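Sequence order for the protein chains is A and B. For the first sequence, this note's numbering assigns the number 1 to the initial residue and increments by one for each residue that follows. For the second sequence, this note's numbering assigns the number 1001 to the initial residue and increments by one for each residue that follows.
Check each hint, because a few of them may be wrong.
Pairs of lysine to aspartate or glutamate, EDC-like flavour, derived with a Cα cap of 16 angstroms [unchecked claim]:
#1 A/K92 x A/D294
#2 A/K248 x A/D54
#3 B/K1311 x A/E45
#4 B/K1175 x B/E1326
#5 A/K92 x A/D243
#6 B/K1311 x A/E241
#7 B/K1173 x B/D1380
#8 B/K1310 x A/E281
In case anyone wonders, no lab produced these hints; they're calculated from the structure. Computed from a prediction, not measured in an experiment: that's the story for all the values here.
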Amino acid sequence: MHLKWFLLSAFRSAVTGGRRYHLWMGLLTLLMLLGAYGYGVQLREGLSVTGMNDHTSWGLYISNFTFLVGMAAAAVMLVLPAYVLEDVDFGKAVLIAEGVAVSALSMCLAFVVVDLGNPFASWHLTPGIGILNFPRSMLAWDVVVLNGYLALNSLIPFYILYSHYTGQKPNKSRYVPFVYLSVFWAVSIHLVTAFLLAGLPARPFWNHGLLGPRFLATAFTAGTAFMILLLWFIDNETEYEIDRGAFKKLAMITTVAAQVNLIMLGSEIFTEFYFPTHHAESARYLFFGLEGYDALVPWIRVALVLNLGATAVLTLHPLRENRYWLLGSCVVLFVAVWIDKGMGLVVPGFLP
Amino acid sequence: MSDRRDLTFEDLVRNAGASEARSRLEALTPDPGTLPGAPAGAQAPGPGGGCDSGSCGCGTNSQPPAPSNTLLDKPLDRRRALGTLFGALAVTSQAVGACSPVSMETDEEREAKLLEREEYFKGNYRLMTQEERTETIRRLERLAELRGQGDVRIRTDEALQGVMYGYAFNISKCKGFRNCVEACIHENNLDRGSNTQYIRIFEKVDGESINDLAHADATYGHEVPAEGHYYMGTQCFQCANPPCVYVCPVQATWQEPDGIVVVDYDWCIGCRYCMAACPYWARRFNWAEPSVPPGEVNPRQHYLGNRARKKGVVEKCTFCIQRTREGRLPACAESCPTGARVFGNLLDPNSDIRWVLEHKQVFRLKEDLGTEPRFWYFMD
């Protein structure tokens, strides 16, 4: 009975708000309808409408999926201290982080589904009635870890919020074990997604041991940068207040992640270009262009400059402490990582 | 040349147990499928294994899917099947009619829809019982007829015992005529809309490394052989260690006991992970609805080979499974005018392919990846 009222109130609070809120939601709905129409066209005509072909058989769907897995994984950076270390600063922020994880995961799964050529056959993945090629196929692993993470990140906040709703104090022994689990799980979702690509000897651009760690670094860069922006917005625009200390810690996490990411990027670039082999052709295509094909070159160079600039700004204490510099670098970092991963990762892997 | 080849194939079939093969070819239905985990040798009992009493009434559908090596009487079966079908139709058409009274569908459209619906719920080919296989073949053949593809026959011949296919390509002999490409398109009912081709013939300047296919021209349009150039072809190499098979999340692709890597087109979900995993660009995806002009459909089909594909699934070269399991050569090898293509049974010490492997200096592409292609290149 309580559950029904809980869901009803949740729905009500989701559809009430000021004029700006309704405008925003209306805009999102419009975009979703546009997407649904596009998907309708794709279902009718086939995946040929995406411009992919037998050579470059994965494109923006899969790369955005990869990027969003990182966003979802970054939620763990808040979960870990909030629940496990009982860091009160993060207490309020953590529910929002889990919300971000859930929406990022929903988009991930949507991206994978729209990438399927035969989505009506996706029931073949269900163990029991279909065949899930687990543990052999890394894609099967991804199906398992993503759905598991989605369940964890839906159920933990649900339990906490529902307890609040019914006026009870959440029982720690009930949910903290799952929190621990979700911490490990978060790392695993992004590592598994990296292994999905790194496990292919056919694609030397992905087939190296640094891909997984680099995925984590980019995730914690862009993910936490996004969290800072989101929390700042919530703090500013709503009555839901976020502790100052939370921003400070998040900024520190973003900075360190961005620095580690740059070290790994530098290491990758060194290996590719110090003594370029055949295997370096994907990287050469990405950074310099190959035989006149250089569509991605300006993008990746801009991303590189943005990455370097924002990381430098965040590294300097006075600038990081300044709200506007911090927020600005977060925007820049988010964009840079999105270009880096969303455009520069999947397509070059298929070249030459 | 062709004499020698015919001889080879006699050999091939003899070594594979020709009588068994032939008797099985006459029977339209294969032996009960081996389950994924079952060893290659654990195939169905040979002829006479289940039905040699002579008194069995295997024609009726009430038989359990137990190993009955039925020699189905084809016309009778089709009649009975159609009878059942129209019986079912009569029932469902009432239901459909009740739902949509203004339906303008013809009977044929309705029948096709019904068949498609039944097809949707079928399982992975390797897990189907004998009866389920017979049923799906019946539906697919009827659907092809309804769609104007003519009177197709879809076979399910299992791998011949004692056969492991291998291929060798003579770089010195290939002149780039691309008869193989053409024959492949027609034999395998490849999509004409997107001009799908399993075989690529690369033109390379003499002296250029064979390894560097990335910068070779596979789309030349001039007269061949061009002076100062050599030619080499690629297709699926049916690797002994196939990365494409490992990555499939639903086991829609696998390696048959005779080494052929096949795709269950109706089980494939279209994720294209196998395409990313293949180092040789051997797999093709149906980016749009594939089409073959009605008069050009090759009606001799195999469930795992050249039967009609649909939009959104992956397909690939199967060494013409519908031909080779009958003891014939793949279309590419048969059509080659220069004799550059050598195909045969690796387990037969007298086969041409074995002769090439024992007497020529051979190499394979990207051997460093450990995929162990069963496709060798050599020069005279």
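Comparing the hints with the structure gives:
1. Taken as a hint, the A/K92 and A/D294 pair is broken in the structure, with Cα atoms around 46 angstroms apart against an allowance of 16 angstroms.
2. In summary, the hint linking A/K248 to A/D54 is not supported, as the alpha carbons are separated by about 47 angstroms, beyond the 16 angstroms threshold.
3. Distance hint between B/K1311 and A/E45 is fulfilled; the C-alpha atoms sit about 9 angstroms from each other, no more than 16 angstroms.
4. Taking the CA atoms of B/K1175 and B/E1326, the gap is near 29 angstroms; set against the 16 angstroms cutoff, the hint is violated.
5. The straight-line distance between the Cα atoms of A/K92 and A/D243 is roughly 8 angstroms, inside the 16 angstroms bound, and the hint therefore holds.
6. Proposed proximity of B/K1311 and A/E241 is contradicted: the alpha carbons are some 52 angstroms apart, above 16 angstroms.
7. Distance restraint check for B/K1173 and B/D1380: the Cα-Cα separation of roughly 8 angstroms lies within the 16 angstroms cut-off, and the hinted pair is therefore satisfied.
8. A hinted pair counts as satisfied when its Cα atoms are at most 16 angstroms apart, and B/K1310 with A/E281 does not qualify at roughly 34 angstroms.
In the structure shown, a violation is registered for the earlier hints numbered 1, 2, 4, 6 and 8, in ascending order.
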